[in-house]
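The whole structure should be built from the sequences, with the hints applied where relevant.
4 protein chains.
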Amino acid sequence: MYNIAILGASGYTGAELIRLIAGHSSMKINALGGNSKAGQTMASVFPHLRHLDLPALVAADEIDFSQIDLCFCALPHKTSQEVISKLPSDLKVVDLSADFRLRDPAAYEKWYGNPHAALAQQAEAVYGLTEFYRDEIAAARLVAGTGCNAATGQFALRPLIAGGLIDLDDIILDLKCAVSGAGRALKENLLHAELSEGYHAYAVGGTHRHLGEFDQEFSALAGRPVTVQFTPHLIPANRGILATCYVKGDAQAIHHALQTAYASEPFIVVLPMGETPSTRHIRGSNFCHIGVTGDRIKGRTIVTAALDNLTKGSSGQALQNANLMLNIDETEGLMMAPLFP
Amino acid sequence: MYNIAILGASGYTGAELIRLIAGHSSMKINALGGNSKAGQTMASVFPHLRHLDLPALVAADEIDFSQIDLCFCALPHKTSQEVISKLPSDLKVVDLSADFRLRDPAAYEKWYGNPHAALAQQAEAVYGLTEFYRDEIAAARLVAGTGCNAATGQFALRPLIAGGLIDLDDIILDLKCAVSGAGRALKENLLHAELSEGYHAYAVGGTHRHLGEFDQEFSALAGRPVTVQFTPHLIPANRGILATCYVKGDAQAIHHALQTAYASEPFIVVLPMGETPSTRHIRGSNFCHIGVTGDRIKGRTIVTAALDNLTKGSSGQALQNANLMLNIDETEGLMMAPLFP
Amino acid sequence: MYNIAILGASGYTGAELIRLIAGHSSMKINALGGNSKAGQTMASVFPHLRHLDLPALVAADEIDFSQIDLCFCALPHKTSQEVISKLPSDLKVVDLSADFRLRDPAAYEKWYGNPHAALAQQAEAVYGLTEFYRDEIAAARLVAGTGCNAATGQFALRPLIAGGLIDLDDIILDLKCAVSGAGRALKENLLHAELSEGYHAYAVGGTHRHLGEFDQEFSALAGRPVTVQFTPHLIPANRGILATCYVKGDAQAIHHALQTAYASEPFIVVLPMGETPSTRHIRGSNFCHIGVTGDRIKGRTIVTAALDNLTKGSSGQALQNANLMLNIDETEGLMMAPLFP
Amino acid sequence: MYNIAILGASGYTGAELIRLIAGHSSMKINALGGNSKAGQTMASVFPHLRHLDLPALVAADEIDFSQIDLCFCALPHKTSQEVISKLPSDLKVVDLSADFRLRDPAAYEKWYGNPHAALAQQAEAVYGLTEFYRDEIAAARLVAGTGCNAATGQFALRPLIAGGLIDLDDIILDLKCAVSGAGRALKENLLHAELSEGYHAYAVGGTHRHLGEFDQEFSALAGRPVTVQFTPHLIPANRGILATCYVKGDAQAIHHALQTAYASEPFIVVLPMGETPSTRHIRGSNFCHIGVTGDRIKGRTIVTAALDNLTKGSSGQALQNANLMLNIDETEGLMMAPLFP
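Chains as they are written, first to last, in my numbering: chain A, 1 to 341; chain B, 1 to 341; chain C, 1 to 341; chain D, 1 to 341.
Just so you know, nobody snuck in bad clues.
Intra- or inter-copy, both count: the list cannot distinguish identical chains.
Below are the BS3-like pairs computed for lysine-lysine, each with C-alpha atoms no more than 27 Å apart in a straight line:
(1) 78 <-> 187
(2) 187 <-> 37
(3) 110 <-> 298
(4) 298 <-> 248
(5) 248 <-> 110
(6) 28 <-> 92
(7) 110 <-> 86
(8) 37 <-> 78
(9) 92 <-> 37
Hints are computed from structural coordinates only; laboratory data are not their basis.
Written out as structure tokens, the structure is:
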């Protein structure tokens, strides 16, 4: 039984980690950090977890990490790098924040607005897109969970870029994102009365921070700079990301490349040609569904991908990576079916 | 490994059974019946189950029941009794319809409007409220799953009636029910555009069929006729029932009775005095949360109970009963945490 | 054309007043107060009002009230009494807060926790339930808008209490309230991700402040103390209150009393016997729909009432009262049909 | 006072017409047709309209059209052409179906699958996009309301195509559509339990019928064939269309062209550069909000447009056209503010 700590357990990704680990055969939660709510029980912070026998929330510096085999860090950006830089340097860590996703410190500063405060850790961090960095993750001490939007777009597009199947200068990602991706933050636009009956685009024009990941990963894959268009939209639902990707390339070749790339992946499902995924069919699960349809304009293809931002987009991915790092079966604790309706 | 058949697999309770059994260590789904969609794959009927290796839907009479250890029957009322009366008489069956809940054929005809067509099976059926009929269920061949509203109200009230703690002539149940309880039926008032932004009472005045169960169970418990008031309301959410019960009795005594009654129950959680449950905190799980608060008027108490109509209210209960009937640990396949948010 | 000021224009009831007055033939908005957002345009605070030619938000003390014929005060409780006590003493004011609803200062302090700071104004304030205080409102300088829950319950019950038709010691109000009633406040439980898929009771046991209004009004009406049970529930919808009232009395007599009481009221609609109202059918309008059904238990009746908390429950009521105070047709600006779907 | 008939009054666009006309100063509803619900009152078909004094639903052939000044036809596609071909040939008609939108009978047959059955009427019909066909509409006997998606896309793009400001061979429209656009049809995917917590693309690849309108209108405007990509998505909300248009052209020039084109339009609001519209801010109104943002990739621009599919997208547009045809002020009955929250 591996001993697990979770820092940032009072947020949605922290709660999702607990939900998943509760069904894991060889992990046990020993410590829960949540500075702003230290002293509270999880039953009061997240009543849906009250049936579990969980430790109370404590401040991170009260945790004895010598007893911990792996620590999930579900803290806000910037806080995460400060905390992780002070953890024991041999402690296995899966970080869910944005702090260690970008390898280039200059790119980090460009997208996040401040110099990186934990360059040593950044240098050793492995990018946590499991299906494409499996070996590095298995050998890593520190894994950086990807952005949830960045994961969705990459599942749809990496095999096409790697295969040279699409025009690299004309890639458009139109994403529809559910609200839990914004976290448990008290913001006016996240109130039910504000959000529930409407939808809109945000961070329009190429300003969303997950573009840093797209630029890094797609350019590395192509061996040349790749700059995509990416427009997220906030949708009145709690879980789910749907990426609609407009590319120039042949639909059959694209479908074939995706089928081949994911043929043995347990969580990535490529739908039959012409079918389209829905966020409702992956909700609460670690699955990602991908669909391919050719447009009426020859040579253009629409690739759509759906996943649950809290599961495959963050906490599920994190657990999948932790399984690899601890040499546990990669799918352990992650095979639950989606919740529908 | 027990071989399982599910009849009525194209409805919500059928799909929920499949979701649960997919995580069960000693059950295997061998046959799925769904007459109106016979020939289709589950991936087309319920795409959220497409990752599972499931048999295609067939007509019920195509199934070889000699290979089946237990059959779940998730068919509509009235159809169920016709089908079950033709199944092998030694086949273990858990029925999720209303057909075998009422022991008195006259009561059945009163509430459902037609004479019962399977009196022999009705006579042997055991009422499936697990926590109160555990031994009978373990020994039963045919178990009748309870109504989802009936289960919620009984969890809140049975220990109070049994303990003689409340005025039996003044019990009011005001229920708030999510829409999946109405099934996958094509009705105008179940459309998203009709339902999503409003709510209303229905079956007002004591006409809801689940009253047959309340009458039967509460009267048996009290040893005298007990007639309750029960008003359900349709709420714009997909899963959940919240029962607000207004009773005349002492809050402390009531809270104590509920704590005692459910002290060793794995799925029934009595909250600390004065706390109130929410449907969002049991969503997708087999838990039932119960809260007790005394009113400002001395001698009156409000008992609230929340459960997921598709899980603890039907398919989860059914699986719990099947575990008992097959001598499996009662909680197997049912300990998943709720999905929140 | 009457000149109108609105204080507290950055909240939901303020915005609703603007929406309604925009369609009013003889009112013009001259000043909008909103201290915390002073200096901002309404287009930035409420983009849905951007097509209107509105003054920018200013601090309340910047407004020249000598030019104003009537001032709506949509400020938070407690702030309202401080502001109103400093307004010109001959300025007509419609207050939407709770500050002037309770006539007895001791009752105010009991329910709101602080001594009243504007006793002179409290003494002259008229309770703003239009249909029952029409003459006093027409003659008033200061009208106190009712609580939205208090209005709903009173529309259902006043004629029954006045008519001596029900048992005064056994009245239960189970209310289902939409989220906009909680205002635009940044609270965790009002976030979309928290609220949208679940529902729960709150202020259980007789602690909700609107009970002060029920006690005051029902007791005055009955000529003896009347103490009701009242349990509100928060429902995942934006607008609407549904009151389900459980009373002991004859359904036919009750239906007849309600029909008689509201026969010439433009906004109160008593449905045919046995029909039940829905919040979706009054959404965005000033109408209140009331239904009556007898229970299967003889002598018990369920009265349900539905209205829009932001319209008939607060801002619509406020405009209706202002029309009376300015001797305008009472229905002016208020006859728009509900928005469905 | 003009006498108005509405055929198809039992659907959502019919109900929306009634809602709008109820606030119109010079129209009176004389007849309501609804074959499948003939004989019913509007109070039973649409209880939110019960306060209005409306005629009961009748079969279309029972209506005496000699008394009618203008007839709205809100019938399903294909039915509409059959009914309209039999109406008096001098009766002014505003059709809300797709039957008279496409001028070329071959295009109609291509997109709708059947030969047109009312070619004479098709020949005289005027395309009802008010802002661009104002004079023709004012002089027309028969006006064809546009598709709601088609209207949204055209508001965003017509001035850019007319002005030669964008690459005509690379236009992508990604639309997010609320569910009322699908009408009151009993389809499984429109049920609340199916739709409410997820979203997906449909008619992917250029198969949606509104493409017939884009092709017709954009090609006519450009003087050469223009073929766009158009992918609609179904969003869990009741009202609203958000079009996200990806074009190649200069953002400043595009913003300027839109501002110029709509400078004197009462219903089309071009937001300041860089702001983005939301469907929640036009809900229930006849306004269309348009936003322009330049992408980080030079020479690419995102134009977003939001309107309410039932109002500006169909029934509001229809009333605007009827006002023109009857020589009434174009904005009469249409200036109500959006409903938010």
